[in-house]
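Asker: For chain A, the structure is supplied; the task is to place chain B on it using the hints.
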Amino acid sequence: MARRPLTGVRIIDFTNAVAGPIATFILADLGAEVIKVEEPSSRPLHAAGTAPLQAGAEDLSYNRVMIFNELNHGKRGISLNVATERGREVFLKLVAVSDAVVDNFAPRVMPNLKLDYAHLKQVKADIISVSMPAFGLSGQYRERVSYGPGVDAMSGLSHLTGYSDGPPMKPGNFFCDQNAGILSAYATMAALRWRNRTGEGQHIEMPMIDGEFQILGDAYIDFSMNGRQRHRTGNDHPWMAPHNVYPALEDDSWVAIAVETDAQWAALCEVIGQPELASDARFGGAPQRWDNRKEADGIISAFTRGRTHIETERLCQAAGVPAAAVLNAKELLSDEHVRAREGLQYVDVPAVGPTPYPRIAFRMSGTPVPISKAAPKFAEDNDYVYRELLGLSSETIRSLQEDQIITSEPVAPGGRRKGH
Amino acid sequence: MTPPLDGALGGVRVLELADGVSGPYCGKLLAGMGADVLKVESPSGDPSRREGPFPGDLPDPEKSGLYLHLNTGKRSVTLDLEREGGRTLFRLILLQQQIDILLLGHREEQLAALGLSIESLQREHPELIIVDITLFGLTGPKRGWLGGELVAYAASGYMSLTGAAAREPIKAYGSLVEYQAGAQAALGAMAGLFARDFTGEGQLVDVAKSEAGTFLLGGVEQLAYFQDAVIRRNGTRLLGFAPQHSYPSTIRPCRDGYVHCHSNNRHLDLLGVLIPDPRLLEPEVLGAMMGHADEIDEIMDLWLADKDRRDIVAAAQELRLPFTEVMEPGEVMADAHHRERGSFVSVEHPGAGPIVQPGAPFRMSASPWQTRPAPMLGQDNASVLEGLGHLPDDLARLRAQEVI
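Residue numbers (this note's numbering), protein chains in the order written: chain A, 1 to 420; chain B, 421 to 824.
The following block holds chain B by itself, in its conformation from the complex:
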């Protein structure tokens, strides 16, 4: 029950009423910095408990890899907010537990269905920082629209840049935009704490997943604006580069897989040192490498075809050419570099046992990141309700009424 006092956010109390990826990832980032994050789950649990992966592919709400990744360091209480009893307990937690940050993932009408509204929450809890992550934000004509990762990715503009020019656009692996929204929400929560230091008041942080995708455009919006042009996806090459720009930045096949090939932008002739084809040193090519991209690909492919990733990258890096291997997730985890650095850690989860998963996203020398286990469903029900003044026989009654 006592929040940890260590960590940059030690003493900060977060109530997380958010499912899926973005809200929980935000909560994870806050918990990693030492905040006490109390996760409110419905009696059936966060849907990510059903997403997997599961050991041996056997579904078990305590063993879902996605849940165990996204919810490290939190406590869990189950409340059925569809029932009045659950809502009463939720309001009691907000009133009595000195919550600093309320983390939501609800559109206006979803809050209304729970008997909540941003306005009433702000009125009743003026010091509360409310972070609400929604698909399009809480304002604007699309604020009520439905969707998840695919819809956010499409609407953000980022999808128009992903995929091959001759095929349909695609989204990147997994929930990339959802994660970005979660990280931006963590920034917003932190900013809310700084602001409260001098205003004494909380505020609403209205996070839009679509904007988290738009944030990734990387200058393409300027090209579209100034050139009045559509910048199209282009496979693995960088976008919007004029013919006189540097090349390569692309992924090409080699004997045992693929390599990412990149020019040394200060010394474009180094590619011709790595790959002994005189064409790569001709002024015509060096002066317009992007304009010769197809030809450079052909020259590179010929040279790469009988070589392995490790040897190619070693030779290139020796010349300060930023080539890297395209690796599969398992290769990454097994790589000596990451093993030595301890980037993946074994976490002993109470419901799933030890799981090797990503550890600290960054390392801080004085207030280090903490990777603590993810909670079992409702594991903190008793301590939370006792903190609200409920006696043990109340707990049995609430459980019987399916409120918790």
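Bound-form chain A, shown alone:
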């Protein structure tokens, strides 16, 4: 494989759920060797959410869990019960030959396992330790449990998202997980540069909620400047209008149009066959258009209802009006632009076949970083890591297997007592 920006860097991925795996798959895409350490009972075993089995393939459903495979693409994988003393010793051997360890447990877990930064640096003085707690390692909420959408609630994002006359909502499916994952990968790379310059490792604390504060900067500053609590406003923009989605011909099909300038408004009036509206006093300038936006929305909708969302977006863009069809995921899969840029890349998943995953949102001209491989099958790299990398003897490995510290298959949760 061609050399990538982080080729030669080794990262231990000791994460689960969503945000942590995103941080480490980004580092894997950028070229790091990421070794996912899975507790034998941590992989989801239920059949729900699995991709269909490829004809003739061996059926191990735990290797077909869709979200797990997406979030762990590009990585190697080993099984290890770190909550046992011997498992912990093996983990520390791996730390000694690695550059960074990423975890996203609740704050008490790593210290309980004696695997927090203070312990890790005893075996690797310049190790980089990355923790991704939901609310931080200190403060009254440190022990709170939450998934991504619960963090959106506590940051203010949910309050600010939704219809002006409706309840708070969350954006899309998840948001704060991706946000924290990207920032964690960025901070890890910064720490690697610092270490390369100074020889010094460090600890990184990436609270999911602190990452989200950045996204809402103007709302907080409005409060600190003016004491104003901003409220959700649907698709309304503070000053642009028209700025909304408009119904298209087909069922639940919409096109977004955002008019920023008088020239764009005039062009839109041409597109909808009502050029006289360009000089209509109701829509004469941005403030007038904003005040009368409901009226303008009605006029535009009458036009968009008669066409597909794709027809309208093309007509608008050809006329210089910012617009785009609201594409659903199925439409995105066949979208010519997405296909041309491989924004969704098909990765060959064992026992499943080609599977579309969103790529990192940039292309590098000199050192391309497409997704390199599918997620590891459970315990796929045990041999590579335990024999080649750590040089454990066959006898030691057999003994660890006998004690189920290393397993070749996942074990049911609760099948053995876990350390946390």
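Quick caveat, the hints were computed from the structure, so don't treat them as lab data.
A quick note: this is a predicted structure, and the numbers were derived from the prediction, not measured.
You may find that some hints are simply not true.
Computed Cβ-Cβ distance ranges for the label pairs, DEER-style [claimed, not checked]:
#: 1; chain 1: B; residue 1: Pro546; chain 2: A; residue 2: Ser61; range: 49 to 55 angstroms
#: 2; chain 1: B; residue 1: Glu738; chain 2: A; residue 2: Gly285; range: 53 to 59 angstroms
#: 3; chain 1: A; residue 1: Gln140; chain 2: B; residue 2: Met796; range: 35 to 41 angstroms
#: 4; chain 1: B; residue 1: Ser785; chain 2: A; residue 2: Gln345; range: 44 to 50 angstroms
#: 5; chain 1: B; residue 1: Glu504; chain 2: A; residue 2: Pro275; range: 36 to 42 angstroms
#: 6; chain 1: B; residue 1: Gln664; chain 2: A; residue 2: Ser138; range: 35 to 41 angstroms
#: 7; chain 1: B; residue 1: Pro467; chain 2: A; residue 2: Leu53; range: 51 to 57 angstroms
#: 8; chain 1: A; residue 1: Ser42; chain 2: B; residue 2: Arg652; range: 28 to 34 angstroms
Glycine is no exception: its CB is placed at the ideal position from the N, C-alpha and C atoms.
Answerer: Coordinates of chain B only, in the frame set by chain A:
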């Protein structure tokens, strides 16, 4: 003039020719790690200087909250790139100031209008890392399309997942996709530095805002592919969950506002411990919680109606049920947890005075994040031009010619 030597990116020099949200946010992330970020603004300034919020709602280009948030830690030079004189100075900065990263937010034709092209920049500056953030990227059939947050949000697929099933799709608050594009651009810039360490060469990092939105789909693209189905927005519930999946993950009203309610995915029966309704412990419900979501909402609403957020969340968290309060921005800032941790900081901006705003997005023990003030418009004109060998009387001439 001397770049700071502290920070993980100390000594790295960034030239930022980018307005709005995504490019400046990328620059902010680089500056926070110690890079020397020189922001090039037109003589009228980055448009975010006109966005606000402003103290007392009185517009002032030095007091726009959005600008002050997105441009911490940078220097500012004004150059009119519509004029030949401005372009000459821009080229001089690139040639003489050992710029490592050029941060752009321009489509091909926008660069051409400034007399620039990616090809010529790469040819003349082979070691330069060029990060260009555009709506759809620099390749593909939509590369010339126009738009901002709303258009990117719609085209990315993410909007189809946001909003109520029975109403029109909506975008999330603010500029969420623009921010994601900026953060991804910072990753790309950093990756470019690592690559240059062994190639000795720069490269183009072509960032697409639409793809930053698509990155957020969270597995929905796989469901659409394997089920050949449209996954529809569903209010505040998680998407694509089969009936046998866990529930709740949703937002429900209570006496003093709203709470985010979430199941403990390892112990689904804990909801029935928190809310003493025997129905929540019946095998039929526990075995198919998502399939009983409407009924569970009704049971929860009844129990939540006479309770306050704090009490509900305290009782739930005691059981390790991941419930949280839906908070307004001002409540978040006033919260004792964030105050104790210092997550919001007061920054003394030269043109606006002290502003309380988000501080470090993450904390690094050895090379900490730095929140330094945002610059006044053109505050570094004199030092930058003197660095290029222009004498003070040149400055007066350039100012008179409206080049700076």
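Asker: Next, verify each hint and record whether it holds.
Answerer: Here is how each hint holds up against the structure:
1. Checking the proposed 49 to 55 angstroms range against B:Pro546 and A:Ser61 shows it holds: the Cβ atoms sit about 51 angstroms from each other.
2. Distance hint check for B:Glu738 and A:Gly285: the Cβ-Cβ separation is about 56 angstroms, which falls inside the suggested range of 53 to 59 angstroms.
3. As the Cβ distance of A:Gln140 to B:Met796 is approximately 38 angstroms, the hint placing it in 35 to 41 angstroms holds.
4. For the pair B:Ser785 and A:Gln345, the supplied restraint of 44 to 50 angstroms is violated, since their beta-carbon distance comes to about 36 angstroms.
5. In this structure, B:Glu504 and A:Pro275 meet the distance hint of 36 to 42 angstroms, their C-beta atoms being roughly 37 angstroms apart.
6. At about 39 angstroms, the beta-carbon gap between B:Gln664 and A:Ser138 stays in the expected band of 35 to 41 angstroms.
7. Range check, B:Pro467 to A:Leu53: Cβ separation about 53 angstroms, and the 51 to 57 angstroms hint holds.
8. Range check, A:Ser42 to B:Arg652: Cβ separation about 31 angstroms, and the 28 to 34 angstroms hint holds.
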